[in-house]
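Undergrad: Here's the letter readout for the chains.
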Amino acid sequence: MKILAIASAGGHWVQLLRLKPAFEGHELIFVSTKTSFKETVKGHKFYSIPDASRWNKLKLIYSLICVFKIVFRSKPNIIITTGAAPGLMGIIAGKVIGAKTIWIDSIANVENLSMSGQIATSIADKSYTQWPDLSNSKVTFNGNVLS
Amino acid sequence: MIFVTVGTQGPFDRLISAMDEIAGTMPEVRFVAQVSKGRYKVKNMTCFEFISPAEFDEYFSSAKLIVSHAGMGTIISAFERSKPIVIFPKFHSLGEHRNDHQLATARKLGSLNYIHVAYTPAELRDKIHSVLDGGLSPLHKVGKYASSELINSLQSFISV
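From first to last, the protein sequence lines stand for chains A and B.
Going by the UniProt record's numbering, the first residue of the first sequence is number 1, and it counts up by one from there.
Going by the UniProt record's numbering, the first residue of the second sequence is number 1, and it counts up by one from there.
Hints are computed from structural coordinates only; laboratory data are not their basis.
On a predicted model such as this, the values are computed, not experimentally measured, just so you know.
Cβ coordinates follow ideal geometry from the N, Cα and C atoms, glycine included.
Careful: at least some of the hints might be erroneous.
Unchecked claim - One side of the interface only, derived from the structure: several residues of chain A facing chain B at Cβ under 10 Å:
#1 Ile3
#2 Asp125
#3 Ser147
Claimed, not checked - No farther apart than 30 Å at their CA atoms in a straight line, the calculated lysine-lysine pairs in the DSSO-like style are these:
#4 Lys64/B / Lys141/B
#5 Lys42/A / Lys141/B
#6 Lys138/A / Lys42/A
#7 Lys83/B / Lys41/B
#8 Lys38/A / Lys75/A
#9 Lys37/B / Lys59/A
#10 Lys34/A / Lys37/B
#11 Lys144/B / Lys34/A
#12 Lys57/A / Lys37/B
#13 Lys38/A / Lys37/B
#14 Lys41/B / Lys34/A
#15 Lys20/A / Lys64/B
#16 Lys38/A / Lys57/A
#17 Lys64/B / Lys34/A
#18 Lys42/A / Lys59/A
#19 Lys45/A / Lys108/B
#20 Lys95/A / Lys138/A
#21 Lys38/A / Lys144/B
#22 Lys43/B / Lys64/B
#23 Lys144/B / Lys20/A
#24 Lys38/A / Lys141/B
#25 Lys64/B / Lys38/A
#26 Lys144/B / Lys138/A
#27 Lys126/A / Lys43/B
#28 Lys75/A / Lys126/A
#29 Lys34/A / Lys83/B
#30 Lys42/A / Lys83/B
#31 Lys100/A / Lys144/B
#32 Lys95/A / Lys34/A
#33 Lys108/B / Lys34/A
#34 Lys42/A / Lys144/B
#35 Lys20/A / Lys75/A
Turn these sequences into a full structure, and let the hints guide you.
TA: And the structure:
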């Protein structure tokens, strides 16, 4: 299976890397917003994309195009993300090509799901929160990255 | 050495100026700070705007204490390396972040007794002093990966 794992730089990326054992035995493609991260995932394909948040619409569109290009070219079976906005774009692009999509809301969201998370959880095939009290019929709690 | 970091999401001068002031009163301790593009001119700490992941690792590993905004990347890195960490959250009300999730993260992880939290420069100063008196230890440690519950759940969803 081909898995595309995407996350913004910082905490989102650190959390994504902590899920690595779940991807064992599959072809892995990483996508993030800092070119220097290539060295942290040696042996795997890595693409960097421009950073974006919902606060800058132009950058958001540019970043969306980049994510779509990568997803359309690499045609993964599975897209998994720990956020934020670029991860949501990955989920949307994954839906378009018929990939299985997984959203894991960042552990930093302790009171509510993130904005991206609220959208992502309504379209992703599987969604997780990392806090038990935020789980509901659409969002699963099944442990977190802090063990 | 005490390592101060503001992460990648913009400057945090309130933390950097508070730490710089503390560093000024402790000439015997080395302070290294990653400050982003702030306006405050640092006087008493070795500082960098940004550093590579490798350099970050190096300072992180050799530090006796980490002082940081409430960014999960830094917090998890501290847990992985069993480093004591003091969190000084960004406030939405002061225009430091787009919302108050740093405050919520700090409160939650503080209440779980995972991290030390300082909400004011005075509290920050007290925490730094107690480190030097040997009073601040790492509160939470984690392994290399997420909980096996989460890994297993993902694995089974991926392979179905």
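Undergrad: Confirm or reject each hint.
TA: The hints, checked one at a time:
no.	hint	in the structure
1	Ile3	7 Å, holds
2	Asp125	8 Å, holds
3	Ser147	4 Å, holds
4	Lys64/B / Lys141/B	15 Å, holds
5	Lys42/A / Lys141/B	26 Å, holds
6	Lys138/A / Lys42/A	35 Å, violated
7	Lys83/B / Lys41/B	28 Å, holds
8	Lys38/A / Lys75/A	20 Å, holds
9	Lys37/B / Lys59/A	20 Å, holds
10	Lys34/A / Lys37/B	17 Å, holds
11	Lys144/B / Lys34/A	22 Å, holds
12	Lys57/A / Lys37/B	23 Å, holds
13	Lys38/A / Lys37/B	24 Å, holds
14	Lys41/B / Lys34/A	27 Å, holds
15	Lys20/A / Lys64/B	29 Å, holds
16	Lys38/A / Lys57/A	27 Å, holds
17	Lys64/B / Lys34/A	28 Å, holds
18	Lys42/A / Lys59/A	28 Å, holds
19	Lys45/A / Lys108/B	36 Å, violated
20	Lys95/A / Lys138/A	17 Å, holds
21	Lys38/A / Lys144/B	19 Å, holds
22	Lys43/B / Lys64/B	21 Å, holds
23	Lys144/B / Lys20/A	10 Å, holds
24	Lys38/A / Lys141/B	26 Å, holds
25	Lys64/B / Lys38/A	29 Å, holds
26	Lys144/B / Lys138/A	28 Å, holds
27	Lys126/A / Lys43/B	50 Å, violated
28	Lys75/A / Lys126/A	19 Å, holds
29	Lys34/A / Lys83/B	25 Å, holds
30	Lys42/A / Lys83/B	26 Å, holds
31	Lys100/A / Lys144/B	26 Å, holds
32	Lys95/A / Lys34/A	25 Å, holds
33	Lys108/B / Lys34/A	29 Å, holds
34	Lys42/A / Lys144/B	17 Å, holds
35	Lys20/A / Lys75/A	20 Å, holds
In the structure shown, a violation is registered for the earlier hints numbered 6, 19 and 27, in ascending order.
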